[in-house]
Amino acid sequence: MNERELTARVKAGDEAAERALYDAHVDRVYWVAYRMSGRHDLAQDFTQDVFIRAFERIDDFRGDAPFGAWLHAITMSVVLNGLRKVKRFDQREAVLEEAAMVTSRTRESEPDLKERLAQAIDALPEGCRVTFLMHDVEGFTHEEIGAALGTTAGTSKAQLSRARAKLRIALADFAGDWIQ
Amino acid sequence: MTDDHTNDQPNDAIQDERIRSLAAGHYNAPDGSVPREAMWAQVAAARRAARSGVAPIESVAPAVTQAEVSPDVVPLDSRRRTRTIVAWRWSAAVAAGLLLAFALGRKVGDGSSTTSPRPQQVAQGSTSPSTQNPSTPARIDPPAGSPEGSTGSPAPNGTPASKGPRQQVAVARPSSESSTPDASTEVASLDTAASALYRAAAVQTLVQAEAVLTAYRGAASTTRDPEAMQQAARWARDVLSSTRLLIDSPAGRDPQMRALFTDLELVLAQIVQLSGTPLQASERELIDRAMRDRDLLPRLRSAVPAGSATS
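First to last, the protein sequences are chains A and B. 1 is the number of the first residue of the first sequence in the numbering used here; add one for each residue after it. 1 is the number of the first residue of the second sequence in the numbering used here; add one for each residue after it.
Mixed in with the good hints there might be a few duds.
As the list claims (entries may be wrong) - Below, simulated EDC-like cross-link-like pairs (lysine to aspartate or glutamate); rule was C-alpha separation at most 16 Å, straight line: (1) A/K87 x A/E144; (2) A/K166 x B/D12; (3) A/K114 x B/E17; (4) A/K166 x A/E138; (5) A/K11 x A/E56; (6) A/K85 x A/E126; (7) A/K11 x A/D59; (8) A/K166 x B/E17; (9) A/K157 x A/E144.
Just so you know, the hints here were simulated from the structure itself, not pulled from any lab data. Being a predicted model, the structure only gives us computed values, none of them experimental.
From just these sequences and the hints, can you work out the full model?
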């Protein structure tokens, strides 16, 4: 059974068809959510929310585009909005955690490239980080990113350019090895 | 992915490609397995709740606008409002059912108190003397509510009659009223109607409770959004009110149902009390343990007849 038939059956209220669509796309949705959030618990919540919303709004899926593309648009919207809420909450806790860490912080050994990369990506402004991950890692187009973020493709390109520049600076210590 | 380097230095393109490759391979890269079944359980529960007309709790992610997603997607706001209205209608229907059931119950229950004075009125002269037997005044002038009075004759050996209040109603009517042929039938039919209403109210409350607890578990798994938790608390409060009414209703006479209602009341009360602010891990564990130790969700699901959630 192809996806068009599956979506038609989901629209008719067939739970088995919902499960089939879920099985076909859940891995991709989950790992995108994990990539963006870095937390399995959030990835799980976001994934659930994506499918609940998708099935609720299945009547709005016209079938002009592949179901996967429609689902991933919802995925990005759910993940980004969810991350904004989580970030607001985390900022309130960060002050207390930072105060506790100041006294216990010790001199650490130089982190390796992977750690430095992760730190550099995490340190990017949120718009740059999301755009970099969506475009360079997950393969979304600038148009798709603009639609998901509520901006334009041009803004997405600018954010990506800034993100790459910041990452190059942050990882400049390793640049010599890469170019050789 | 390399189509955005027209203005960059050649070395930048090499670095960018290396960074991209490293990020794809190592930054929050997939590890372990996807918890498919656990997530599907939540999705399926939410879908069941949606089909039953109960609004799910707003999750971590807020509604998105059409512009934010794609031309294929329409905003959820209007649907969410509609579901909220439907949820209120369900709540109102359950409340109305409970009130009607209580009213019927009171009518039936009051039968014992309204019928017992009637023999007194008879004794005080409302009946013509010709219908009275002067040799047996004690039979028609008993103490109000005494078992003997309701049967018209003393119980053997002075033991109170073992009949329930409704049975007393059926036999306590004086002969002038018992001439109405449908008196006991009417009471019995009222009793049956009340029981059916209580059962329907109980089922609806249990369906809502299952949806609340399922949605709470989903919302509490992140405990990041105070608004979502406050909404859970409001929803739980509505169901808690119905549950408390049902505990003291005939629906709570069944020991199994009473135990289920009591456990449900405890967990809902915890959610109501603790969900006003972001949950601490210990608080969430308290609620989770209460649900787990009492097997609350499985018991709720088994107590609800198949098809009730979608009817």
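Are the Cα positions of A/K87 and A/E144 separated by 16 Å at most?
Not OK: A/K87 and A/E144 at ~23 Å, beyond 16 Å, violated.
Hint check: A/K114 vs B/E17, CA-CA at most 16 Å. Holds or violated?
Distance of about 15 Å is within 16 Å: holds.
So if I understand the rule, the pair passes when the alpha-carbon distance is 16 Å or less; does A/K11 with A/E56 pass?
Measuring from Cα to Cα gives roughly 9 Å; hence the hint holds.
Please verify whether A/K166 and B/E17 have alpha carbons no more than 16 Å apart.
With Cα atoms ~14 Å apart, A/K166 and B/E17 stay inside 16 Å; holds.
Straight-line Cα separation of A/K85 and A/E126 no greater than 16 Å?
The hint holds at about 13 Å.
So if I understand the rule, the pair passes when the alpha-carbon distance is 16 Å or less; does A/K166 with B/D12 pass?
11 Å, holds
Holds or violated: A/K166 and A/E138, Cα atoms, limit 16 Å.
Violated. A/K166 to A/E138 sits at ~19 Å, over the 16 Å cutoff.
Hint consistency between A/K157 and A/E144 [alpha-carbon to alpha-carbon, up to 16 Å]
The given pair, whose Cα atoms are some 12 Å apart, holds under the 16 Å limit.
When you check the alpha-carbon spacing of A/K11 and A/D59, does it fall within 16 Å?
6 Å, holds
Violated hints, listed in ascending order, are 1 and 4; each of the other numbered hints is respected by the structure.
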